[in-house]
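Spelled out, the chains give:
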Amino acid sequence: MLRGRRRREHIPRYDPGRDRRAERKARELMRSIVSEHEFAMYEELGFISVDGDGGEGGYAYLLYPHRPIVAYATETGELLNEYCVTFRDSGEPELEERLPPADDVLAKWMALRGGERELIATANMHIPGRQLDPAQVRRDLRLLEGWTARRR
Amino acid sequence: MKPGHGDVLLAEGNPGVAEEEERLVEEFRRQLDLGMWAAVPTTSGSRQEAVMVRDFSEVPPDAEQVVFFPRAAGG
Chain U
1 MLRGRRRREH IPRYDPGRDR RAERKARELM RSIVSEHEFA MYEELGFISV DGDGGEGGYA
61 YLLYPHRPIV AYATETGELL NEYCVTFRDS GEPELEERLP PADDVLAKWM ALRGGERELI
121 ATANMHIPGR QLDPAQVRRD LRLLEGWTAR RR
Chain Y
1001 MKPGHGDVLL AEGNPGVAEE EERLVEEFRR QLDLGMWAAV PTTSGSRQEA VMVRDFSEVP
1061 PDAEQVVFFP RAAGG
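Going down the list, the protein sequences come from chains U and Y. Counting with my numbering, you get residues 1 to 152 for the letters of the first sequence. Counting with my numbering, you get residues 1001 to 1075 for the letters of the second sequence.
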């Protein structure tokens, strides 16, 4: 009789305390690198908006933790594309683990600031709505607009 | 940056001191061999920036830190 061997699936242990500590550290690193405005945006809204190449005007990206990057037109708020990208640590034995949310956003921020074209070329590009609800993203853009106006 | 941990200090030293620079270069290469990307936070005027570096010689001399994070892949 042949017996099938069940492959044991790797299920990372859930430790909410460790995740909280990691996120706290990640936020401290983020605070030391991004602008005060961008850090406050992440703390209060949960995402960061980054201008596309060429500075202000034109287009920008919304950086969510562990969600696709969303490109949008800064003048009209039109959603342009979703860029699906992940940062997996191949040297990490627990392959299923992800970076803390703030580290994931910071990695996107650094990769965009330091090499927008390379990151975008690496990502899988989709039309808006593939993973993120466009209505939610538009709500986030309105939130961002109001939040930015209040800080002026 | 390390999954489940946040940032971890890998090495520190003064690149102006030969022995310490050697240690920094070694760690830099080790991280890139592990498939990590390296970024140096910088400031351009009042704007916060980052420079991606592929070789230790590309690290600006006034850099305070190099941040390694897992290489991006299409999700």
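The set of hints was computed from the structure by calculation and includes no laboratory data. Just so we're clear, the structure is a prediction, and the values are computed from it rather than from any experiment. We put the beta carbon where it would ideally sit given N, CA and C, even for glycine. Fair warning: there could be bad hints in the mix.
[Said to hold, decoys possible] Okay, the calculated beta carbon distance ranges per label pair:
hint	chain 1	residue 1	chain 2	residue 2	range
1	U	E44	Y	G1035	30 to 38 Å
2	U	A135	Y	E1020	51 to 59 Å
3	Y	N1014	U	R21	51 to 59 Å
4	Y	E1020	U	R142	36 to 44 Å
5	Y	A1063	U	R138	36 to 44 Å
6	Y	V1017	U	T148	21 to 29 Å
7	U	R130	Y	R1030	43 to 51 Å
8	U	G46	Y	S1044	25 to 33 Å
9	Y	R1030	U	E116	35 to 43 Å
10	U	Y59	Y	P1015	15 to 23 Å
11	Y	S1046	U	G58	32 to 40 Å
[As the list claims (entries may be wrong)] Anything over 10 Å on all C-beta distances counts as not near chain U; from chain Y, calculated:
hint	residue
12	E1021
13	E1022
14	V1025
[Stated by the list, open to error] Derived coverage of chain Y by chain U (criterion: at least 3 residues anywhere in the stretch with Cβ under 8 Å from a Cβ of chain U; other residues may be distant):
hint	segment
15	1009 to 1019
16	1050 to 1059
17	1065 to 1075
Results of checking the hints against the structure:
Separation of E44(U) from G1035(Y) is about 34 Å and conforms to the stated range, judged on CB atoms against 30 to 38 Å. Between A135(U) and E1020(Y) the Cβ separation comes to about 54 Å, which falls inside the hinted range of 51 to 59 Å. Between N1014(Y) and R21(U) the Cβ separation comes to about 30 Å, which falls outside the hinted range of 51 to 59 Å. A C-beta distance of roughly 51 Å is found between E1020(Y) and R142(U), which places it outside the suggested range of 36 to 44 Å.
Checking the proposed 36 to 44 Å range against A1063(Y) and R138(U) shows it holds: the Cβ atoms sit about 39 Å from each other. The hint said 21 to 29 Å for the Cβ distance between V1017(Y) and T148(U), and at roughly 45 Å that hint is violated. R130(U) and R1030(Y) have their C-beta atoms about 37 Å apart, which leaves the hinted 43 to 51 Å range violated. With their beta carbons about 27 Å apart, G46(U) and S1044(Y) fall inside the hinted range of 25 to 33 Å.
In this structure the supplied range 35 to 43 Å is violated for R1030(Y) paired with E116(U), their Cβ-Cβ distance being about 27 Å. For Y59(U) and P1015(Y), the Cβ-Cβ distance of about 37 Å falls outside the hinted range of 15 to 23 Å, so the restraint is violated. In this structure, S1046(Y) and G58(U) break the distance hint of 32 to 40 Å, their C-beta atoms being roughly 20 Å apart. The beta carbon of E1021(Y) is kept farther than 10 Å from every beta carbon of chain U, the shortest such distance being approximately 23 Å.
For E1022(Y), the condition that its CB be more than 10 Å from all CB atoms of chain U holds, with the nearest at approximately 22 Å. Non-interface call for V1025(Y) relative to chain U: holds, since the shortest CB-CB distance, roughly 19 Å, exceeds 10 Å. For a cut-off of 8 Å, the count of residues in the segment 1009 to 1019 of chain Y with a CB near a CB of chain U stands at 0, and the three-residue condition is violated. Using a Cβ-Cβ cut-off of 8 Å, 3 residues of the segment 1050 to 1059 of chain Y lie near chain U, which meets the minimum of three, so the contact claim holds.
Proximity of the segment 1065 to 1075 of chain Y to chain U, defined as three or more residues with a beta carbon under 8 Å from a beta carbon of that chain, is established by the 8 residues found.
Checked against the numbered hints given earlier, the structure breaks hints 3, 4, 6, 7, 9, 10, 11 and 15 and satisfies all the rest.
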